[in-house]
Amino acid sequence: MNKLKIFKNGVTTENPILVQQVGMCATLAITTSLMNGIGMGVAVIAVLTGSNIVISALRKFIPDEVRIPAFIIVIAAFTTIIDLLMHAYTFELYKALGVFIPLIVVNCIILARAEAFASKNSVVDSIIDGLGMGVGYLVAMILLSSVREILGNGTILGLRILPEAYEPMMMAIQPPGAFILLGLLIGIVNYLSRRKKA
Amino acid sequence: MELVSLFITSFIVNNIIFMQFLGTCPFLGVSKKIDTAAGMGIAVIFVITLASVITYIIHYAILVTLELEYLQTIVFILIIAALVQFVEMFLKKSAPGLYKALGIFLPLITTNCAVLGVAINNIIYEYTFVESLVYSVGISSGFLLAIVLFAGVRDKVDYADLPESLKGSAVSLITAGLMSVAFLGFSGLQL
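Order-wise, the sequence lines are chains A and B.
For the record, in the first sequence the residue sitting at position 97 is 96 according to numbering that gives the first Met the number 0, with numbers rising by one throughout.
For the record, in the second sequence the residue sitting at position 28 is 27 according to numbering that gives the first Met the number 0, with numbers rising by one throughout.
Here chain A stands alone, though its shape is the one from the complex (with noise of 0.2 Å):
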């Protein structure tokens, strides 16, 4: 499989959230703004890429029937240093994020590269892997996040777009807000890719 499509597989067809759907917690939780949308993108493709190099260049060396234990101790560890690293240097949106930091150790969508992708594959394959799940995962929760941010405060990165007389749509931000537009989100992407096909 050539280099682009490995990485262009991760950003659109089998993107982690709209199409996969696969480690909505953290999605559903931090979309609140675009600020924790970003950051949480970026903390996700540290800790994948980080885990899928780890794993593919040990994949040899890792027996078959402890893979799954492996994996989970080298995807904390990478998890660790990341909380670590966020609390010292971007302690607003360490707060901001709070338990879903440690939480992603367990986002189904980092076991599942390194299970389906990363002990099969090249080191360099699985960083471009890494990296375009990554990108799709951030690109999933720019969209949302954006949208949240807009219909629920009227600013974009705490920048007022909307202008003062527009009376803030509370649900967007609140919990029932995060799964309607979600869900509407997927919707649109279904029907946009079912056109495209047709």
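Any given hint might turn out to be false.
To be verified - Derived coverage of chain A by chain B (criterion: at least 3 residues anywhere in the stretch with Cβ under 8 Å from a Cβ of chain B; other residues may be distant):
# : region
1 : 20 to 30
2 : 71 to 78
3 : 99 to 106
4 : 167 to 176
5 : 183 to 192
As the list claims (entries may be wrong) - Over the 10 Å line for every Cβ pair with chain B, so calculated as not near, a few chain A residues:
#  : residue
6  : 1
7  : 10
8  : 66
9  : 122
10 : 156
11 : 158
12 : 159
13 : 164
14 : 195
Since the hints were derived computationally from the structure, they do not count as laboratory data.
Where a beta carbon is used, it is the ideal one built from N, C-alpha and C, also for glycine.
Starting from the structure of chain A, add chain B where the hints point.
Chain B only, in chain A's frame:
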């Protein structure tokens, strides 16, 4: 009295699915039929309660005394993975009936973020041992309530006449959103 209010809060007001979004994957994945949903819910209560007790003890007895709190994530996920395996083996030997009922759900629970989430929350909120026990039981019962209610609604939604693009997960999410609106109504509840 405080414990009762903690239970109600974690059970309904801060419902794990509709308000905190933990455990959304199994919630959307295993809610096609009411009886499988109930099986998953009961397995989750069992594992969350057990995992919270054990991680709580290990955190305060080992990690805090050795000043290794930064290893929390790695240690907790290993405990949970091992615990789930152990529970599976134990049930297979000693309670085959229960094992058959829960069997397929148990391995899935390792990657249920609700388990790790509750274990970490117990530490973040600085609960005492009894409080963390009540909190875990409340939260996991909330999961059972949410998944069983949702499975019931989903039964009907499957027969609805919907635009093709909304079928499947899109409409499930919107349904969950409407149920979440209902749960939002509890947020004014003061105990």
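Next on the checklist: Is the listed coverage of the region 71 to 78 of chain A by chain B valid when you require three or more residues with a beta carbon under 8 Å from a beta carbon of that chain?
Outcome noted: With 5 residues in contact (Cβ-Cβ under 8 Å with chain B), the coverage given for the region 71 to 78 of chain A holds.
Next on the checklist: For residue 122 (chain A), is the shortest CB-to-CB distance to chain B above 10 Å, so the non-interface label stands?
Outcome noted: Given that every Cβ of chain B is farther than 10 Å from that of residue 122 (chain A), nearest at about 23 Å, it holds.
Item to check | Whether chain B covers the region 183 to 192 of chain A (at least 3 residues having a Cβ closer than 8 Å to its Cβ atoms) | outcome: holds (count 6)
Next on the checklist: Is the claim that residue 10 (chain A) lies outside the interface with chain B correct, judged by CB distances over 10 Å?
Outcome noted: 19 Å, holds
Item to check | Check on residue 159 (chain A) being off the interface with chain B, judged by Cβ distance over 10 Å | outcome: 26 Å, holds
Item to check | Reported absence of residue 195 (chain A) from the contact zone with chain B (all CB gaps over 10 Å) | outcome: 12 Å, holds
Next on the checklist: For the region 20 to 30 of chain A, count the residues whose Cβ lies under 8 Å from any Cβ of chain B; is that count three or more?
Outcome noted: Contact hint for the region 20 to 30 of chain A vs chain B: holds, 8 residues under 8 Å.
Checklist entry - Would you say the region 167 to 176 of chain A counts as covered by chain B, given the rule of at least 3 residues with C-beta under 8 Å? => result holds (count 5)
Item to check | Interface-negative label, residue 158 (chain A) against chain B, beta-carbon threshold 10 Å | outcome: 27 Å, holds
Next on the checklist: Under 8 Å between beta-carbons, do enough residues of the region 99 to 106 of chain A, three at least, approach chain B for the coverage claim to hold?
Outcome noted: Holds: 5 residues of the region 99 to 106 of chain A have a Cβ under 8 Å from chain B.
Next on the checklist: Verify this label for me: residue 1 (chain A) is non-interface relative to chain B, using a Cβ-Cβ cutoff of 10 Å.
Outcome noted: 30 Å, holds
Checklist entry - Would the least Cβ to Cβ distance between residue 66 (chain A) and chain B come out above 10 Å? => result 13 Å, holds
The structure shown violates none of the earlier numbered hints.
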